[in-house]
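The numbers in this note's numbering rise by one with no breaks, and the one at position 230 of the sequence shown is 230.
These are calculated hints, taken from the structure and not from any lab test.
Be careful, since some hints might not be right.
[Claimed, not checked] With a cut-off of at most 30 Å between alpha-carbon atoms, the simulated BS3-like pairs for lysine-lysine come out as follows:
id, residue 1, residue 2
1, LYS112, LYS101
2, LYS88, LYS26
3, LYS88, LYS101
4, LYS112, LYS26
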Amino acid sequence: MSKPHAPGIAGRIARYEAALSLAPAKARALPAELTRLAAIRDQLWAVPTDMSGITAVILEADPERFEDALDAAAAEHARRQVAEAAIKAGAGGALDQRTAKALDAFLPEVIKRLRPVFDEAAETLTRVAADLPPGSGWSDPAKVLAAGVEQEHRAALSALATIDAVRDVYEPTYHRARGADACTVIAPPAGVGPVVIHPRSRVNVDPEAAKVSGVVADLLDAWHRDPRRTLVGVARGEHPGCTLSLAANVDELTARIDAAESARGTRVATAEDVHRTESPDTLGARRMLQEWAASIVADA
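Start from the sequences and build out the full structure, keeping to the hints where you can.
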């Protein structure tokens, strides 16, 4: 069995299986077609494509049954040649493509099965996070022991392990910017998204949007430094408006990342920026000239 963090299709299947192992027994099975493709893929790549070992069949043969040994060696030689030819002809790549499509098609069902598991873990983390030592002390055994919150700490670690396993079903290819994979399990504040920026200065002059942009930027930076510490912080309310919430599908995840990137990339205007961009010698003057020109045309 492949490890969950192995690269490629094998690792992706392992991540699905690891996450689904947290669900009730009846919700753990992979679809029949995905199971079939994975089994064929594993068996194809398990066939040796070199001819080592075939010589031993001859050398260890019983003279009385040499013909049988020769037939066995010939069959093994042909089997390895067919496997090598199939891989060179693209059978391995074709299997990977079909398996990847099957995994993509199964992802919404995986999320549906895992949502109750995630929600329970998020609820547990939210319940115990406030009792843990502040800051990064939540993970310091000495501080945990001194605070007498060993039970809460164990519950938090279990919840975090569950959240980690669930978020791993999303592929890293969806995590475009630094820290953006936080959006798999954290919903940004309501209203975050493309913000209105001044057409001339290109700065954000909306104070509320500026505040939300700062929250999102802080969240993504914190996640990049320490994802688990960030999850605990969200559970504690350290990132206003952010909530522990599993993205329902790739589209929702993409929308979250788009919104977060847009907010993070917006330059926040200062009071001086606002005054300068709205002063009469810039946009105000141009607006007055446009109004004057329009009035002349109307009078004519």
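Unsatisfied constraints (hint numbers, rising): Of the numbered hints, just 2 does not hold.
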